[in-house]
Every structure is written in C-alpha cells, then in structure tokens.
Amino acid sequence: MVRTWGRADAARALRTPTAGDDKYSRGVLGMRTGSEAYPGAAVLGVEAAWRTGLGMVRYLGPERPAGLVLARRPETVTTDGRVQAWVIGSGTDASVRSPADTAALRSVLSDTDPVVVDAGALDLAADATAPRILTPHDREHARLRAALGLGHPPADRVAAACETAEATGAVVLLKGAVTVVAAPGGWAATVEAGTPWLATAGTGDVLAGVIGALVAGAMAREEQTDAATLAALAASGAWLHGRAGVIAAQGAGRGRAPDSPSVGEGPITALDVAEALPRAVAEALAP
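Using the numbering used here, you'd call the opening residue of the sequence shown number 1 and step up by one each time.
These are computed hints drawn from the structure, not numbers from a lab. Hints may be right or wrong, so weigh each one.
[What the hints assert, rightly or not] Listed next, the in silico EDC-like pairs over lysine to aspartate or glutamate satisfying Cα-Cα at most 20 Å (straight line): (1) Lys23 - Asp93; (2) Lys23 - Glu222; (3) Lys23 - Glu140; (4) Lys23 - Glu223; (5) Lys23 - Glu75.
Please model the entire structure based on the sequences and the hints provided.
This is the structure in structure tokens:
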C-alpha cells in the first residue's frame, strides 16, 4: 500500500529541543557538497540544514564553496570531526571528480553513518554499504537504473522507485511534482510538492539539506537506521520542503509585506525556500 505523507507524519520526524540538549544531542550533519563550478549548492544545502533545526553542520568541501558557506552561515564548522549523518554529491559532477574526492566519498559510503546521496555521488551509491537515501530526479534515476541493468523506468513512478530500492538496498526518493519515496521491502509513500514554483534551480540542494538534518537529529536520538525509518525521514523532509515552498511562494504573492493582501503565489528562488523552513517546521510541530 502506498500512503500519502502529510503534516502529522512529518511532525513525527521533529523534536522541540529541551533545556537538557546540547549541539551533539540535537544532531551533527557532515556535508561534502558543492564544487568550484557549482559552489552555490553547498550554500543552499548548508542553509537548509541549519534552518531545519539541528546542533551543528560540518562542511567539508573545496575552498571557494567553503568560503561562501562561511560568509552566509559563519556558525558552520569546516574541520573534520564527529558527525551522525552525511549529505554528499549536491553540486558536484562525477565526470570531473578527482581520485581524492572519489576516495573521500567512498569512505563515507562504506562507514556506518547514514548518508543522503545526491546528484554527483549517485554513481557510487549502488555498491555502498552505509545506510543510504538516494535522491535522484527522473533523468538521474534513469541513468542510475541503466547502470544497474534495470532498463528504462516504467511509467509507474512508484513501481520504478520500488524496483530501484530493491536493487540498491537503499531508500530511493524520486523527486518531482509528486515525490515518491520507496524502501526495500515494499515501503512506499508519495509527497505532494505543494507548489509548481519549486521547479527552479537549487531546490534539490535545499531538499538534501533538509533530509540530512532530519536524519542527523534522528541518529542523535539513537533511532534505528533501518530502511523504513530512513524512508519516513526522507518523506518528512520532502513534506517540509514542499510546505516551505508554499510559504515562500505565498510570501512572494503578497509582496512580503505583513499587512498586504494575498494575491496568490509568486516566483521564488531556492534560497527563499530555505529561509521559509523554520516556519514550515513550526507549523508541523504546532498542536
């Protein structure tokens, strides 16, 4: 059975911090994202992770994106150290990846911490051993399936994602106007994107950061890393991302002035979506 993921489902992936929390108990996310060619992906993913709510983000990437990350989010740590989950691949290109970068990504993918695998790292994900959430869009999904020998994806996107999940042993989040999340064993859910304005550059990088933050928080709470748990976290991240897109688009439609009347939705950028995440989280947590 395929379930439709909603606000109440997403709320279960969140926890309001208490006076007894510290940065480690709220989750530490490591990110190997961005490149000299696409430095903005690192900024967007880091921004999204922080605004979803966690204790620390460690960014480990090239000098240019690292500088931009620190300029935007100076609280980010850029030295190696303890993490509880990873996001890798956003804003990178496998065709120009260096041997050193490949070795670093393979090391992450062979460890025990769960990994959100996006964009330029998807080619390394099939034979990895770490718990994984793969986040392809339709074209990336088709390439991944071809590499696995699965052939062209069937028209039924749920069936396609489930088949890929079984073949890789990983959770598959297939992005789109309706996002499909599938896990090995038959777990499947769909998540409505919320607004077509989300179809813009960089929103996938934001989504990866949201999911990474939720996974890091769950690992800090010592939750399981089984496929069903990771799939629920991925679906919750997709819901929060979609809701943040709606909030941002509605804000654009009323000119962002608190007292101006709504005139519908307006165009947004990926950074607008990241900035709307705190409100989306607050809505999900509200009684």
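Against the structure, the hints come out as follows:
no. : hint           : in the structure
1   : Lys23 - Asp93  : violated (32 Å)
2   : Lys23 - Glu222 : holds (15 Å)
3   : Lys23 - Glu140 : violated (35 Å)
4   : Lys23 - Glu223 : holds (17 Å)
5   : Lys23 - Glu75  : holds (12 Å)
When each numbered hint is compared with the structure, violations occur for hints 1, 3.
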